[in-house]
Amino acid sequence: MTSFLRKRVISSAIPLVFVVLGVFCLARLTGNPVDLYLPLSATPQQRAEFSAAHGFDDSIPVQLWDYLTNAARLDFGTSLRTGESAGSMVLKAFPVTLQLAGMTMLLAILGALLVGSLAAYRPNSLIDRIAGLLSMTAASIPDFWFAIVGVLVFGVGLDWLPTSGTLGGPEIWVLPIATLLIRPFGVLVQVVRGSMVGALSAPYVKVARSKGADPKRVVFGHALRNSITPVLTVAGDLTVGLVNGAVVVETIFGWPGIGKLMIDSILQRDFAVLQAAVLLTAVTIFALNILVDVCHALIDPRVRQAVPA
Amino acid sequence: MTPSTLPAPAGTGHPALEVEGLCVDLRTPSGTVRAVNGVGFQVRKGRTLALLGESGCGKSMTALSIAGLLDPTAEVTGGSVKVSGTDVLRLGRSGRRKLAGPVLSIVFQDALTALNPVQPVGRQLAEPFRIHRGMSRRAAREKAVELMTRVGIPEPRLRARAYPHQFSGGMRQRLLIAMAVALDPDVLIADEPTTALDVTVQAQIMRLLRDLQTERDMALVLITHDLAVVAQRADDVVVMYAGNVVETGPVAEVFSRPRHPYTKGLLDSVPEHAVRGRPLPAVPGSPPELSAVPAGCVFQARCPLAQERCAQERPRLTSVGASRSAACHFSEELDRA
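Residue numbers (the UniProt record's numbering), protein chains in the order written: chain A, 1 to 309; chain B, 1 to 337.
Everything labelled a hint here was simulated from the structure, so no lab data went into it. Since no wrong hints were added, every one of them can be taken at face value.
Computed cross-link-like contacts, DSBU-like style, restricted to lysine-lysine with a CA-CA straight-line distance of at most 30 angstroms: (1) K98(B) with K45(B); (2) K143(B) with K206(A); (3) K206(A) with K98(B); (4) K82(B) with K206(A); (5) K45(B) with K82(B); (6) K143(B) with K45(B); (7) K216(A) with K143(B); (8) K98(B) with K216(A); (9) K206(A) with K45(B).
Please put together the full structure from these sequences, using the hints given.
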């Protein structure tokens, strides 16, 4: 298992280097920050001073070298907007998004396992059809629409829930999580159902039933673990989507997460912050993929064995 | 088709398994078809009955309906299945579950897919003891190791922690058999237990089955398309064709003097009877689609003896001697030929 993990981490590190380079280059393509930050009336001397202060007057390779050596020391420069360290800004925003995404995925996976398994146990039953309809609808609703309607109905109309902000009790979580939840939940119900139907028709399930196993034992003792692999893969992808796509929800509900930070940084050419945010997101995505792989290996002994030590 | 009862085979006591007039319907996209039509037989403890037939003749479907493991698209529509005197078709789901293991058990054919790939085999072998005897994990595990020793798995204590893919095909089949006999069932159904194995391993597995059967005094239903296995291992044989029983009786008599042209055709097509330079004799044609079984005799289209009567009237399974029956209008003529 340790060697499995080591191999997996090393194989992720290489693409990560390309992400670091890619981020640097792309950020330079969005325009010159000097033009954006200084008024049109700024003198050439003022421009030169600004450039020198932030290192924009160096050649691109020198800028890249500085960026890389600093990044290796986890120093991502300072924000042009606030003067704060980019690293600390990103680290402050990140837990907000992580909490939101983590909570959402936990609920989505547990809910989908339950609903999907129930639907799969008797294909074409009433439960299956209702679950199919609901999950299809959930997977198709655009999140921004759901968020706006949610705010309108529960926030403004009924006044049950706050419309935005992160101050208050547990009720502040309801609308953001519900908004983020519906699509992953809908997709996962379908995935769980599909893979559970497959597992339940496998010969080993017939054998389990021939030993007198009751439905609970058949589903949770035998079929679930066999059907969870594709669910984890899809859940991993969806989580990546959540970490990135939190942009919409964070903007609508005013949550100071990484999505909002990224949008703001792009709009204001705040290179340092943008680079740090994208880099952290990329690291998270790689970490997530490793986590999914580790889960696969824990669940399926054949995966463990397929990786040479 | 009227349900048929066969004359009881030789032996004493109450039959461990008694099937009468079993009918199974299968729902397909193009309508409901009858997959098993009035099948009946009896097996006593310690005896072996072979269900013989081509793929799709309904022999596996018969086994699955006895064990209560039919897919939701199939349904038993008639007949009775008595296991040790209890009509299992009248039992509810939980009643059947209580019998599954201690009274009736089944060995499936493909041991790789029949064992759960993500569970150590020891745990799978311990499951019958956990379910039916309420044993602790530790006690059930000891039982599993005992079973593995009995069926000849080397280093059983160590191997109990291994997963199915870490065993050879023959070893997997041994594990599957061990699991099926864990609770000393009265009736053991073996659904083509050796099809996926090579010939030497086949022989070992058949020997293991025979030893376990003698040791535990089980009634064995052997489902197969292998005539050699039937000849060597079975006491009685039921020959099935397109969901119907066409001939039944003690193996030695049926094989030496078949009374149904299908049985005769099968026996003639064994390569030992072949003559060098001539094509192997075979039963011409192929079995009818279940949705297009003819009105008269099910075998008429491929039968060398077929006459007009066969197209109109389906022959009933009738007694053709002590403990023997055949479903053919011309079974007498066949015997004289």
